[in-house]
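K.L.:
Since the structure of chain A is already known, use the hints to place chain B on it.
Going down the list, the protein sequences come from chains A and B.
Position 70, counted from 1, in the first sequence is what my numbering calls 70; the numbers after and before it change by one each time, with no gaps.
Position 16, counted from 1, in the second sequence is what my numbering calls 16; the numbers after and before it change by one each time, with no gaps.
Keep in mind the hints are simulated off the structure, nothing from the lab.
None of the values given here were measured: they were computed from a predicted structure.
Among the clues, some could well be false.
Here are the computed distance ranges between Cβ atoms for each label pair [what the hints assert, rightly or not]:
#1 A:41 <-> B:21: 41 to 47 Å
#2 A:112 <-> B:13: 33 to 39 Å
#3 A:116 <-> B:68: 22 to 28 Å
#4 B:100 <-> A:41: 27 to 33 Å
#5 B:22 <-> A:46: 44 to 50 Å
#6 B:73 <-> A:123: 24 to 30 Å
#7 B:22 <-> A:98: 27 to 33 Å
#8 A:152 <-> B:4: 20 to 26 Å
#9 A:34 <-> B:113: 27 to 33 Å
#10 B:119 <-> A:152: 46 to 52 Å
#11 A:9 <-> B:11: 20 to 26 Å
Virtual Cβ for every residue (Gly too), placed ideally from N, Cα, C.
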Amino acid sequence: MWAFIHKLGSPKWFYTISAKLQPWFWAAAAALIVTGTVWGLAFAPADYQQGNSFRIIYIHVPAAFLAQSAFVSMAAAGLVFMVWKIKVADMAATVIAPFGAAMTFVALFSGAVWGVPTWGTWWMWDARLTSMLILLFLYLGVIALRGAFSSRDSGARAASVLAMVGVINIPVIKYSVDWWYTLHQPATFSVTSSPAMPMSMWLPLLIMVLGFYSFFTALTLMRTRSEILRRESRKRWVRELVRETR
Amino acid sequence: MTPKRKQKLFIILGLVSLAAVAVGLTLYALRSNINLFFSPVEIAQGDAPLERQIRAGGMVKEGTVARDPESLNVEFTVTDYVGDLEVYFSGILPDLFREGQGVVVVGELQESGRFRADQVLARHDENYMPPEVAEALEEAGYQPSDFKDQGNMAGPRTTDG
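Just chain A, with the same shape it has in the complex (with noise of 0.2 Å):
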């Protein structure tokens, strides 16, 4: 196990190991959210308060879990690369940041675009809203620090440790609407408690949330291989795999 760890750290095994994983990680990801999507959007029973308005659920919930997961995988990674120095992981921080920063505002546009028939309005200041907001405005510039810098890295540094003090803001997102008095409902899902949703609503959420995992892994994947290559172009071993492709 210790061994396989280190070898992904080499960026040469990484490029190898990922050139298996991808595709099976690729089909599940189509495989899961096509499911999902028809048997969300067409199968699922609507809610009886809400109606078919409900059905926002099923791209809402897994974006705003994607968008807090890239944001952890992204710390961790920074994490990785301060006290190991493993530049593999440097580079997948690098390839989290702008699609956890997309995650972010799918969940902030699906939500506003949810508010208006459910809530009457598309934005409030309440504790949840912002501290989302305010996760996308991270994302953001974790994005621009790292791009501030003429030195990579001191920007991978920068983008680091801005990543991981930023990872502060998960669990105030994740608490906030039992902290405070929010707009937005409290959890419909827990570890310890059953959903407060019917099984035929819920399946094809998982559906979904599983499929967005495949999805969030198999571009981190193929993202980090690019920025391998781009990175490590002069290395004798990527040069000889270009010479090969010709």
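P.N.:
Below, chain B alone, put in the same frame as chain A:
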């Protein structure tokens, strides 16, 4: 792990914990500003300012919604089951507005103790169910909210949704 890396790891973890404590204390100090709305009992205690735009929130008390048939005026009582707040409003209510439903009202508290709302927002709870299930529950003599109470008794909420 080499001693140098170990030291670096502890420095980073230390800094992040310090930042977390700082953020935590700030949020704790600002908790009354972060709360989106005043509850009726806080307004009854006089915590809310008069004639300034504030938000109040709670449940629409059963049997208190009075609509004027000639206009868009509507009056209702918002309750947190401890205190009550009388609200009057003129305008279009959101689709989810109904008795027993959570609402947030934006407006000004009058000297009379009544609340003049400029905007009424509906809150909804974390429960979702198909209409047939809700009907079956009602026929069996339950409210959809009973379902929620059972869910809460099973344990505290921990995950997002």
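K.L.:
Taking the hints in turn, state whether each one holds.
P.N.:
Tested hints:
1. A hinted range of 41 to 47 Å for the beta carbons of residue 41 (chain A) and residue 21 (chain B) is consistent with their spacing of about 44 Å.
2. Against the hinted window of 33 to 39 Å, the Cβ-Cβ separation of residue 112 (chain A) and residue 13 (chain B) comes to about 37 Å, which satisfies the hint.
3. The hint said 22 to 28 Å for the Cβ distance between residue 116 (chain A) and residue 68 (chain B), and at roughly 26 Å that hint holds.
4. Look at residue 100 (chain B) against residue 41 (chain A): about 30 Å separates their beta carbons, and that is inside 27 to 33 Å.
5. Checked against the given bound of 44 to 50 Å, the beta carbons of residue 22 (chain B) and residue 46 (chain A), roughly 45 Å apart, stay inside it.
6. For the pair residue 73 (chain B) and residue 123 (chain A), the beta carbons lie near 27 Å from each other, so the given range of 24 to 30 Å is met.
7. Taken as a hint, the range 27 to 33 Å holds for the pair residue 22 (chain B) and residue 98 (chain A), whose Cβ atoms sit roughly 29 Å apart.
8. Between residue 152 (chain A) and residue 4 (chain B) the CB atoms are about 22 Å apart, so this pair conforms to the stated range of 20 to 26 Å.
9. About 56 Å separates the C-beta atoms of residue 34 (chain A) and residue 113 (chain B), a value inconsistent with the hinted range of 27 to 33 Å.
10. For the pair residue 119 (chain B) and residue 152 (chain A), the beta carbons lie near 50 Å from each other, so the given range of 46 to 52 Å is met.
11. Taken as a hint, the range 20 to 26 Å holds for the pair residue 9 (chain A) and residue 11 (chain B), whose Cβ atoms sit roughly 22 Å apart.
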